[in-house]
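J.: We have chain A; now place chain B onto it with these hints.
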Amino acid sequence: MPEASDTASSPPGLLESIGRSTARGLETLGFGASLLGQSLYWLVLGRRRHQPVRAAPAFAEMMQVGIHALPIATLLSFTIGLMLAIQGIDALEPFGAQHQVVLGVALSVTREFAPLITGILVAGRSGSALAARLGTMTISNEVDALRVMGINPVRFLVVPSLIAMVVMLPALTLWADLVALFGAGLYVSADLGSTFTAYVDQALRYLHAEDVMRGLTKSVLFAILITIIGVANGARVRGGAEGVGAATTRSVVQAITAIVLTDMIFVFITTR
Amino acid sequence: MRAASPQNASTPVIQVDNLVAHYGEREILHDVSLTVLPGEIMVIMGGSGSGKSTLLRHLLGLERASSGSIRLLGKLLGELDDLGQYEIYKKIGVAFQGGALFSSMNLGDNIKLPLREHTNLDADTMEIMLRLKLEIVSLAGFEDLMPSELSGGMIKRAAFARAIIMDPTLLFCDEPSAGLDPVVAAGLDELILRLRDALGMTIVVVTHDLDSAFRIADRIAVLDKGELLALDSAEAVRNSDNPRIHNLLSRHFVEETLDPDEYLARLTGGSRNRD
Numbered sequence: 001m002p003e004a005s006d007t008a009s010s011p012p013g014l015l016e017s018i019g020r021s022t023a024r025g026l027e028t029l030g031f032g033a034s035l036l037g038q039s040l041y042w043l044v045l046g047r048r049r050h051q052p053v054r055a056a057p058a059f060a061e062m063m064q065v066g067i068h069a070l071p072i073a074t075l076l077s078f079t080i081g082l083m084l085a086i087q088g089i090d091a092l093e094p095f096g097a098q099h100q101v102v103l104g105v106a107l108s109v110t111r112e113f114a115p116l117i118t119g120i121l122v123a124g125r126s127g128s129a130l131a132a133r134l135g136t137m138t139i140s141n142e143v144d145a146l147r148v149m150g151i152n153p154v155r156f157l158v159v160p161s162l163i164a165m166v167v168m169l170p171a172l173t174l175w176a177d178l179v180a181l182f183g184a185g186l187y188v189s190a191d192l193g194s195t196f197t198a199y200v201d202q203a204l205r206y207l208h209a210e211d212v213m214r215g216l217t218k219s220v221l222f223a224i225l226i227t228i229i230g231v232a233n234g235a236r237v238r239g240g241a242e243g244v245g246a247a248t249t250r251s252v253v254q255a256i257t258a259i260v261l262t263d264m265i266f267v268f269i270t271t272r
Numbered sequence: 001m002r003a004a005s006p007q008n009a010s011t012p013v014i015q016v017d018n019l020v021a022h023y024g025e026r027e028i029l030h031d032v033s034l035t036v037l038p039g040e041i042m043v044i045m046g047g048s049g050s051g052k053s054t055l056l057r058h059l060l061g062l063e064r065a066s067s068g069s070i071r072l073l074g075k076l077l078g079e080l081d082d083l084g085q086y087e088i089y090k091k092i093g094v095a096f097q098g099g100a101l102f103s104s105m106n107l108g109d110n111i112k113l114p115l116r117e118h119t120n121l122d123a124d125t126m127e128i129m130l131r132l133k134l135e136i137v138s139l140a141g142f143e144d145l146m147p148s149e150l151s152g153g154m155i156k157r158a159a160f161a162r163a164i165i166m167d168p169t170l171l172f173c174d175e176p177s178a179g180l181d182p183v184v185a186a187g188l189d190e191l192i193l194r195l196r197d198a199l200g201m202t203i204v205v206v207t208h209d210l211d212s213a214f215r216i217a218d219r220i221a222v223l224d225k226g227e228l229l230a231l232d233s234a235e236a237v238r239n240s241d242n243p244r245i246h247n248l249l250s251r252h253f254v255e256e257t258l259d260p261d262e263y264l265a266r267l268t269g270g271s272r273n274r275d
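For the record, the sequence lines run as chains A and B. First residue of the first sequence: 1, per the numbering used here; consecutive thereafter. First residue of the second sequence: 1, per the numbering used here; consecutive thereafter.
Just chain B, with the same shape it has in the complex:
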C-alpha cells in the first residue's frame, strides 16, 4: 500500500542525531537521537516542559537546531532550498494541537487548500477527495461550516482531514487527545490506527496522555526535562525499571531535591550571594 517512496522498508523515515535545541539562553533538548521507521506509530511522550513540543517543531523544520541533525524522508533539514523544502512538505501532513484551521475559510476550503496550492486537479475531483477524507474523519456534510462553528473534537478531526488530504507518507499529530472527553479521544486513537492500517502511513504522535499512548504506539520515546529517557516498544517502556519513567507512568509527582543554600538563595532572589 505504501506508495512509491524512495525509501525501502529498513531506512528510517525520520532520523534525528544528537539534537540540541535552545530557547533563548535555555537549553531545551539535550542531545536527543531517535529514528522512526516506515509504517510505525511512534509516540513521543512527556509531561509539560519535557521538550516534546520543541522536538516536534524541530522535526517539522519550524525551528533551527543549535547542533545535531534531522533527516526527514532521507533529506537533511536545514540544507534544503525552497524547492527541496516544498517537496518534503508535500509528503508530510501535520494535525496541530489547536487545529490551526484558517478562520477565514470554511471547513471544505480549509481541507482543500493543499490540493488547490499543489495540484492541478479540477474542482470536481477536489470535491470528491474532500468528501472522501471527510468520510474518514466522520465529518461528512459539515464542509460549509466555518471553524468557529465547530466543537473541539470536530476541529481536531478536521485538522486530521486537512493533514491527510495529500495522502502523506508521514503524519504528525500534536496532542490529539488534549482537551477532549475520553470517548472522543478514544475515537481519535481509533482514527490514527485506521490511517496507519488502511493507508500505510508512518505516524508520529506527540502526547502527554498515557492511555492514548499505550493504545496506539508501536514504539514510545519518553522525554523528560529535555532528555530522551527511553526509546522502545510500548511493552518495554511499560515494564521499564528506570525510576524516572516509573514516576511518569504512575503519575507520581516527585519534588526536586534542593540543597538548603540554593533554596535560601532562591527565596532571597540571590541577594544573599551578592554580599
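Next up, chain A with everything else stripped away, as it sits in the complex:
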C-alpha cells in the first residue's frame, strides 16, 4: 500500500525515502498475507489445538458489521438507484432510447455500484472500528495479555471479525442491489409513465444470475481486504492514542484504495 514517508527521522534523500516506503509497503503486504494464512489455520485447526473459534463473538460482530449498517446502506443504495435512473434517462433521451435505461441501471447496480458502495461504507464503518479496537488493545497490553493467557490473538480477535465480514458484506450487497433497483424503478416508472410491474419485468429479463454473482464475489474479496487491512494497521500501532488515530485513518484510506484497485483488476479479468 502506498504510504506517506516517515517525516520523524532526519531528512533522507529522495531515493532513500522511496526505498524505505517500498520496503514498508512490502512488509505490510507480507504481514497481511500472513494474517490471512493464520486466520485460515485457526479456523480449520483451532479445535485440534484446543483453541476453537467461538460462534458468539462472530455473531456479535455480524450485528455490528451488518445489521447496524442496514439503515445507512439502505439510504445510500436507494439514492444511488434514483441518481442512476435520472442520469440514464437524461443521457439516453437524445437518442430516444429512454426505455433502454433499465438495462443500464440493472447492470451497473448489480455489477458495480452496490458492491462498491457497500464496500466503501463498511470500510469506513467497520474497518476503521476494527483498526481502532485492535490498536487500543495493542497499546494497553491487552493483546500481550491474551497471548500469555494461552489465547491466540488471531484466533480470538481476528477470525470472528473475518467471518462476520465475509458473511455480512455480501448480504449487505445483495440488499443494496434490491434497494437500488427499487429506487431506480420508482423514478423510471414515474418519469416514463409506465407501471412499476413493467419495470420489474424488464429488469428481470435483462439481469442474469451471473451479474449478481459477480458483484457478490467481489464483495467477498472486499470483505477480506477490509478485515486484513484493519487488523494489520491496528496490530502495528505504536505511540499511544495518536498512533491509534493515525492507524484508523490509514486503514480506511488503504482499504478504499485496495477495494477500487481490486475491483478494476476483477473487472479486467472477468468482463473483457
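These are computed hints drawn from the structure, not numbers from a lab. These figures come from a predicted structure and were not determined experimentally. For each residue, glycine too, the CB sits at the ideal point set by N, CA and C. Be aware that a few hints might be false.
[Stated by the list, open to error] To list a few chain A residues with every Cβ distance to chain B over 10 Å, as calculated:
hint: 1; residue: G19
hint: 2; residue: L43
hint: 3; residue: D90
hint: 4; residue: R147
[As the list claims (entries may be wrong)] Below, a sample of chain B positions facing chain A; criterion: calculated Cβ distance under 7 Å:
hint: 5; residue: L60
hint: 6; residue: L62
hint: 7; residue: D82
hint: 8; residue: Y86
hint: 9; residue: Y89
hint: 10; residue: V94
hint: 11; residue: A100
hint: 12; residue: P114
hint: 13; residue: F142
hint: 14; residue: Y263
T.: Just chain B now, kept in the frame of chain A:
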C-alpha cells in the same frame, strides 16, 4: 502444596542463559543469565531504561532473543509449537503494569476468561472460583463493574485475580506498586507474600520500587543499563559494595563522565567530525 509439577525442588522454574536482546539496532540486554527456583520470590530491580521490562517480555516469550536461551518450566522457549506454548501459558499467570484488563468486558468476565477458554467447567463452578479469587484480592462484590469504573489500585488487584484464576505455578508481576499510594502498594506486597505462602507459587516481580523489593524478595536481580549487576539474596544485595548497586540503592544520581571531544561532537550533532 505445590501441585503435581514435573520439577522437583532443585530444578529451576526459569533458567536464562546468556540472553542478548536488541531493540532495532540497539542492544538492550547484554549477556544476562539467571535462574529462578521453585517457591521463591525473585525481584528483578532496576531503574527506567535498565532493560527490566525487556527482560520480562523475553521471559514471557513475547519477544525473540537475539541470542541465548530461556527455559520456562523446563521447556525451551522459541522451540515450542502452538500446543507446547499453550501448555506453558496455562501454567503461568501475568499481572501487567497497567492491568491490561479487556475494556469491553466487566471485571468478572475478565477474570473468568482463562477458565472459559481453557476448561470445561460449568458456569456455577466458574462463578465460585471467581468469587474465591475476588476474596483473595479484596474485590468481592465488584464483578459487575467495567474496568473504566475501577480505581488504579483496584485494576492492579483485578489483574492479580485474573493472573491467578488458573492457579499458576509461576506468577509474573510487572511493577505492582507503580502509580499507587504507599498504603495500597504495601497491600499489594502483602498480597504477593500471601500468594506465595498460601499457594506455593513461584513469583517473579519486576519493579523499580526499592522498599517493595526488599519487603518481598527472597532474591534480587539488579539490572542496570542492560547488565546484570547482582543476583543474590536481599540481604547480600543491600550490603553489596559494588558502587553501581550502591548508587541505585541510595538513589544517587551519577552523571555520565564524558570526554570533552565527545561532548562537543554531541552538541554539534556530529557535524564537527565530518569536516
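J.: Among the hints numbered above, which are violated by the structure, and what are their numbers in rising order?
T.: 4, 13 and 14
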